Amino acid sequence: MKINLTLNVPVEFFYHELMESALEDIRVHVGKKISWRELPGYTYDKKWASGRQAKMHIDTAIPSQAYGYTMDMPDQKFIVEYRLEKKSDKQTVLMYTEENIPKSSKVKANNKFGELALGWLRKRKFKKMAQKMAQEYYK
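Here our numbering is used: the sequence shown runs in plain steps of one and ends on residue 139.
Please note: incorrect hints may appear among the correct ones.
[Unchecked claim] Straight-line distance between alpha carbons at most 27 Å, and here's what the computed DSS-like set of lysine-lysine pairs gives: (1) Lys-2 - Lys-77; (2) Lys-139 - Lys-90; (3) Lys-127 - Lys-46; (4) Lys-55 - Lys-32; (5) Lys-125 - Lys-87; (6) Lys-108 - Lys-2; (7) Lys-46 - Lys-103; (8) Lys-108 - Lys-55; (9) Lys-33 - Lys-139; (10) Lys-106 - Lys-123; (11) Lys-132 - Lys-87; (12) Lys-77 - Lys-55; (13) Lys-86 - Lys-127; (14) Lys-123 - Lys-139; (15) Lys-47 - Lys-77; (16) Lys-123 - Lys-86; (17) Lys-46 - Lys-123; (18) Lys-47 - Lys-106; (19) Lys-108 - Lys-125; (20) Lys-47 - Lys-32; (21) Lys-125 - Lys-90; (22) Lys-103 - Lys-123; (23) Lys-87 - Lys-128; (24) Lys-128 - Lys-90; (25) Lys-47 - Lys-132; (26) Lys-139 - Lys-127; (27) Lys-123 - Lys-77; (28) Lys-32 - Lys-46; (29) Lys-77 - Lys-46; (30) Lys-90 - Lys-132; (31) Lys-123 - Lys-55; (32) Lys-77 - Lys-33; (33) Lys-108 - Lys-86; (34) Lys-2 - Lys-125; (35) Lys-106 - Lys-77; (36) Lys-125 - Lys-106; (37) Lys-139 - Lys-125.
[As the list claims (entries may be wrong)] Pair ranges (Cβ atoms, derived): (38) Val-30 - Lys-77: 18 to 24 Å; (39) Thr-6 - Asn-110: 31 to 37 Å; (40) Met-73 - Leu-121: 17 to 23 Å.
Keep in mind that the hints were calculated from the coordinates and are not lab data.
Quick caveat, the model's predicted, so the values are computed rather than measured.
The beta carbon of each residue, even a glycine, is placed where N, CA and C say it ideally should be.
Between the sequences and the hints, there should be enough to build the whole structure, so can you do that?
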């Protein structure tokens, strides 16, 4: 999945919001606070209420430019990257990519069906989430 979006916020602000989200996720799942400087290469286990589990690995954290992680689950792997570009002092171009690597043909088939049936909904939800993060700038 690829999404390009222009947000009406400074690139530094949006990057800060991404970092706060990542650091809070780590605090919740690991039980300790870390600095954003410790993010690149950081690995931790994540567990959802549904019982699903993943090993999270922070691949990239370049201030105001990029944030990326790999989420390795028993049945599939997700590689996610947020690339940020400063369009102007108050505008940021967000380029989001998400690659899904299934570990079996069954998961691959399920993912294809889900992508066809719900891909537009996932993109819509992502755009709303990004806009909501950007709106925090004006509060």
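How the hints compare with the structure:
| no. | hint | result |
| --- | --- | --- |
| 1 | Lys-2 - Lys-77 | 16 Å, holds |
| 2 | Lys-139 - Lys-90 | 15 Å, holds |
| 3 | Lys-127 - Lys-46 | 24 Å, holds |
| 4 | Lys-55 - Lys-32 | 17 Å, holds |
| 5 | Lys-125 - Lys-87 | 23 Å, holds |
| 6 | Lys-108 - Lys-2 | 18 Å, holds |
| 7 | Lys-46 - Lys-103 | 19 Å, holds |
| 8 | Lys-108 - Lys-55 | 20 Å, holds |
| 9 | Lys-33 - Lys-139 | 26 Å, holds |
| 10 | Lys-106 - Lys-123 | 23 Å, holds |
| 11 | Lys-132 - Lys-87 | 19 Å, holds |
| 12 | Lys-77 - Lys-55 | 9 Å, holds |
| 13 | Lys-86 - Lys-127 | 18 Å, holds |
| 14 | Lys-123 - Lys-139 | 25 Å, holds |
| 15 | Lys-47 - Lys-77 | 15 Å, holds |
| 16 | Lys-123 - Lys-86 | 22 Å, holds |
| 17 | Lys-46 - Lys-123 | 23 Å, holds |
| 18 | Lys-47 - Lys-106 | 23 Å, holds |
| 19 | Lys-108 - Lys-125 | 22 Å, holds |
| 20 | Lys-47 - Lys-32 | 16 Å, holds |
| 21 | Lys-125 - Lys-90 | 23 Å, holds |
| 22 | Lys-103 - Lys-123 | 23 Å, holds |
| 23 | Lys-87 - Lys-128 | 20 Å, holds |
| 24 | Lys-128 - Lys-90 | 19 Å, holds |
| 25 | Lys-47 - Lys-132 | 25 Å, holds |
| 26 | Lys-139 - Lys-127 | 19 Å, holds |
| 27 | Lys-123 - Lys-77 | 19 Å, holds |
| 28 | Lys-32 - Lys-46 | 13 Å, holds |
| 29 | Lys-77 - Lys-46 | 14 Å, holds |
| 30 | Lys-90 - Lys-132 | 16 Å, holds |
| 31 | Lys-123 - Lys-55 | 24 Å, holds |
| 32 | Lys-77 - Lys-33 | 26 Å, holds |
| 33 | Lys-108 - Lys-86 | 36 Å, violated |
| 34 | Lys-2 - Lys-125 | 13 Å, holds |
| 35 | Lys-106 - Lys-77 | 14 Å, holds |
| 36 | Lys-125 - Lys-106 | 26 Å, holds |
| 37 | Lys-139 - Lys-125 | 21 Å, holds |
| 38 | Val-30 - Lys-77: 18 to 24 Å | 20 Å, holds |
| 39 | Thr-6 - Asn-110: 31 to 37 Å | 33 Å, holds |
| 40 | Met-73 - Leu-121: 17 to 23 Å | 21 Å, holds |
Going through the hint list in order, the structure does not satisfy hint 33, though it satisfies all others.
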